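Protein chains in written order, with the numbering used here: chain A, 17 to 447; chain B, 17 to 447.
None of these hints come from the bench; they were simulated from the model. Wrong hints could be hidden among the right ones.
Since the list gives no way to pick one copy over another, a pair counts as held whenever it fits inside one copy or between any two copies.
Claimed, not checked - Within a straight-line C-alpha distance of at most 25 Å, the following computed DSS-like cross-link-like pairs (lysine-lysine) qualify:
| no. | residue 1 | residue 2 |
| --- | --- | --- |
| 1 | K331 | K364 |
| 2 | K352 | K331 |
| 3 | K132 | K77 |
| 4 | K141 | K419 |
| 5 | K395 | K331 |
| 6 | K351 | K141 |
| 7 | K300 | K87 |
| 8 | K141 | K352 |
| 9 | K331 | K310 |
| 10 | K91 | K132 |
| 11 | K26 | K310 |
| 12 | K310 | K64 |
| 13 | K351 | K310 |
| 14 | K352 | K145 |
| 15 | K351 | K306 |
| 16 | K352 | K306 |
| 17 | K145 | K351 |
| 18 | K132 | K306 |
| 19 | K140 | K85 |
| 20 | K193 | K306 |
As the structure is a computational prediction, the values presented were derived from the model and not from experiment.
2 protein chains.
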Amino acid sequence: MSAEAGDRVKVVCRDEVFEGILIQRPEILPQNIIVVKLDSGYNIGIDKKKIKRIEVLEKYKPRKKKRTKLKINKKLPTVTVLSTGGTISSRVDYRTGGVSAEFSAEDLVDMIPELKNVANIKTKKIMNKMSEDLTPSDWVVIANEVVRALKNSDGVVVTQGTDTLHFTTAALSFMIKDLNKPVVFTAAQRSIDRGSSDAFMNLLCAVITAARFNCSEVLTCLHGTTNDDYCILIRGTKVRKMHSSRRDAFRPINEMPIAKVFPDGRIEEINHDYKKRILDKSVKPYLDEKLNEKVAMIAIYPGMDPGIIDYYVNKGFKGIVLEATALGHVPTESKKSLIPAIERAMKKEIPVVIASQTIYGHVHPYVYTNLRRLSIELKCIFVEDMLPEVAYVKLMWALGHAKKIEDVKDFMLQNIAGEITEREPLEVFLQ
Amino acid sequence: MSAEAGDRVKVVCRDEVFEGILIQRPEILPQNIIVVKLDSGYNIGIDKKKIKRIEVLEKYKPRKKKRTKLKINKKLPTVTVLSTGGTISSRVDYRTGGVSAEFSAEDLVDMIPELKNVANIKTKKIMNKMSEDLTPSDWVVIANEVVRALKNSDGVVVTQGTDTLHFTTAALSFMIKDLNKPVVFTAAQRSIDRGSSDAFMNLLCAVITAARFNCSEVLTCLHGTTNDDYCILIRGTKVRKMHSSRRDAFRPINEMPIAKVFPDGRIEEINHDYKKRILDKSVKPYLDEKLNEKVAMIAIYPGMDPGIIDYYVNKGFKGIVLEATALGHVPTESKKSLIPAIERAMKKEIPVVIASQTIYGHVHPYVYTNLRRLSIELKCIFVEDMLPEVAYVKLMWALGHAKKIEDVKDFMLQNIAGEITEREPLEVFLQ
Chain A
17 MSAEAGDRVK VVCRDEVFEG ILIQRPEILP QNIIVVKLDS GYNIGIDKKK IKRIEVLEKY
77 KPRKKKRTKL KINKKLPTVT VLSTGGTISS RVDYRTGGVS AEFSAEDLVD MIPELKNVAN
137 IKTKKIMNKM SEDLTPSDWV VIANEVVRAL KNSDGVVVTQ GTDTLHFTTA ALSFMIKDLN
197 KPVVFTAAQR SIDRGSSDAF MNLLCAVITA ARFNCSEVLT CLHGTTNDDY CILIRGTKVR
257 KMHSSRRDAF RPINEMPIAK VFPDGRIEEI NHDYKKRILD KSVKPYLDEK LNEKVAMIAI
317 YPGMDPGIID YYVNKGFKGI VLEATALGHV PTESKKSLIP AIERAMKKEI PVVIASQTIY
377 GHVHPYVYTN LRRLSIELKC IFVEDMLPEV AYVKLMWALG HAKKIEDVKD FMLQNIAGEI
437 TEREPLEVFL Q
Chain B
17 MSAEAGDRVK VVCRDEVFEG ILIQRPEILP QNIIVVKLDS GYNIGIDKKK IKRIEVLEKY
77 KPRKKKRTKL KINKKLPTVT VLSTGGTISS RVDYRTGGVS AEFSAEDLVD MIPELKNVAN
137 IKTKKIMNKM SEDLTPSDWV VIANEVVRAL KNSDGVVVTQ GTDTLHFTTA ALSFMIKDLN
197 KPVVFTAAQR SIDRGSSDAF MNLLCAVITA ARFNCSEVLT CLHGTTNDDY CILIRGTKVR
257 KMHSSRRDAF RPINEMPIAK VFPDGRIEEI NHDYKKRILD KSVKPYLDEK LNEKVAMIAI
317 YPGMDPGIID YYVNKGFKGI VLEATALGHV PTESKKSLIP AIERAMKKEI PVVIASQTIY
377 GHVHPYVYTN LRRLSIELKC IFVEDMLPEV AYVKLMWALG HAKKIEDVKD FMLQNIAGEI
437 TEREPLEVFL Q
């Protein structure tokens, strides 16, 4: 019986023996290598020349779909889980190499039995995209589904890929009006077929939050530490992915997390400044999704080409966010000064928004002469401590709603969804 | 006697009395306001209508230059302090509104008497620019002066504006070869005429480091905390300004700081992985400054215009750094996929370098299918945990030295100045 991908095998080599699941050889490896996923979760490549024999311990069986009918427990709240794709929806099929992303309510309860005691789960798969491929029009689709799901749920959970999660949460924070219940985004840094996956605890804590937390904001819920001890809830406009791979990569910027959520159901409030659930039944969430997508975000750095601003202006863009240095500086004196290009943008009534590349802290429109040139002469909009990513999303939204150019500044400086922290407490830096 | 800018005044209003220095009204304030710098360092604007009278307590006196001749103490090491401008060189003259940046050795010792016991100080003013206006050719000028100063010093201190300090330190880390002594960059977040200025302690600790620390790398030396307790030394390729205004804004990324430096002279090593001073007199630092400045850095975000890559390619740029999401993703599936544009860059032999916008953590060329497309099919260079800013500087340097396109990848992935950390310790995240 010869071994095929998906089979559980014992590979006997000259000096060593490996046990695990034979998987498809990734296209990057040479033909003479076989790959086995060990029980530790790691993949190992083995040179065929070193192999004495391969024993098949168990033939591949396609995953069976459980058809346990879930019973509704009327004492529990109802939570709708909307899935959009990403690592959290990935379970590799080792035979086909394909990635399944079914995520039915039965699937979820099968994976995380504790959910049965927290809420009645409804699910819907909205789309199946990796988060780096989501676009502003996807945000509108997601927001629309969230508003619909809120009607029949006590809270909504959205699962997404991690990479651009903070863009989506910012977008929904601005687009959903009269939000009366929690909308909790969660995700995973490790796929659910890995022992170290953060998907299970993140999902459980997100459902706990959606079911029980007395809050009506868009939040993220992911690991607070590298251990499986608790998740943290962060406001959707104050969150950023700060590490490429750690499970506690999502961090609050310029404010404390709203709360810790423990997998046993406890919610420990940290930051008391958030909106409570609205119990008045006449308040109904609705979508205010008008975005102008012609917005660009530009990194500022020494030696940069000022022509990049003209590129966007000439291409018909309607707004520009500069990731300026620290308090909001850009080159203004050297021969690579951005001043003439910003002036051309201003003359075409294209608002230029200034946020800080330091990520933490506020920009300031007045403290240095060249900041005053930008803010007063060139009418650049200095957006306090708003993250550049959030300023980018908000500028789309502001342009979608402004009747005249002056409205854009008003929108940008109005604190709509907690995106501006007037005074950051000392202890929030690098939390 | 009527009060003029620069005078020490008592302003008697109807309900209150203010004492401080009358300063020039910034152009942004209306004519009917006068501005007084209080002893706390804060400026207050007072409506002329509310003022009953203004008493001049002390007329403005231009600052006298001390002409104390400094004596050379042969028992002490020699440190050269090179100044380039920035907040640390700013002392406002309240009469003229001008900013002086003399920074002679006498000035320094006058400001920080402790220096006399640490080193014989030599100084040179190289240029007077705010750091947001520094360009790559300024880095070469600074590097050149550092190499020259090293000949007659036991260590060199460079003062600069904070905003782009980490770009300059990265540049010098690559450009100065056979470095045998410490080159210590310092700066200030608050100008030296403010009581809360960090300039004094930063300068003192930088001189202590240059004089005594057994290290031959390019380092930054700024406040480690918001208190005046100690500075931290960070490798010039692993440092980033992470807050717009805090005195402890400069943080180590993906590794621990090299050491703490206390104003009383103690140096406490934290990270033992650094190059020691080279005592062999035959080793002489030299400049290897060939840069190709035609490099662009591009922010990656949902909805971005892929045409931006073509813009740089068509404009004759020779290298591109993408601030990709997390492990190195860019849009590859949506109609805004970057793949076709990256392909066009590749065909013109323009290397595309991928670093992470998460700042912390590594990119990875293989773990997802679309990462393999970028790294294998499109030959994008994934630069481990190198900061995007450092990758930008290094790509200029690599292009200046590469004989053929393949050399660029070799240069980028070779750890030249500690810019790549193979495995980050768990505790370094958000240090």
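Status of the hints after comparison with the structure:
{"no.": "1", "hint": "K331 with K364", "result": "both (12 Å within a copy, 24 Å between copies)"}
{"no.": "2", "hint": "K352 with K331", "result": "both (21 Å within a copy, 16 Å between copies)"}
{"no.": "3", "hint": "K132 with K77", "result": "neither (27 Å within a copy, 78 Å between copies)"}
{"no.": "4", "hint": "K141 with K419", "result": "neither (36 Å within a copy, 51 Å between copies)"}
{"no.": "5", "hint": "K395 with K331", "result": "within (21 Å within a copy, 29 Å between copies)"}
{"no.": "6", "hint": "K351 with K141", "result": "between (53 Å within a copy, 21 Å between copies)"}
{"no.": "7", "hint": "K300 with K87", "result": "neither (28 Å within a copy, 79 Å between copies)"}
{"no.": "8", "hint": "K141 with K352", "result": "between (49 Å within a copy, 23 Å between copies)"}
{"no.": "9", "hint": "K331 with K310", "result": "both (9 Å within a copy, 23 Å between copies)"}
{"no.": "10", "hint": "K91 with K132", "result": "within (11 Å within a copy, 77 Å between copies)"}
{"no.": "11", "hint": "K26 with K310", "result": "neither (56 Å within a copy, 54 Å between copies)"}
{"no.": "12", "hint": "K310 with K64", "result": "neither (54 Å within a copy, 46 Å between copies)"}
{"no.": "13", "hint": "K351 with K310", "result": "between (28 Å within a copy, 15 Å between copies)"}
{"no.": "14", "hint": "K352 with K145", "result": "between (40 Å within a copy, 14 Å between copies)"}
{"no.": "15", "hint": "K351 with K306", "result": "between (39 Å within a copy, 21 Å between copies)"}
{"no.": "16", "hint": "K352 with K306", "result": "between (36 Å within a copy, 20 Å between copies)"}
{"no.": "17", "hint": "K145 with K351", "result": "between (44 Å within a copy, 13 Å between copies)"}
{"no.": "18", "hint": "K132 with K306", "result": "neither (38 Å within a copy, 65 Å between copies)"}
{"no.": "19", "hint": "K140 with K85", "result": "within (16 Å within a copy, 80 Å between copies)"}
{"no.": "20", "hint": "K193 with K306", "result": "within (12 Å within a copy, 55 Å between copies)"}
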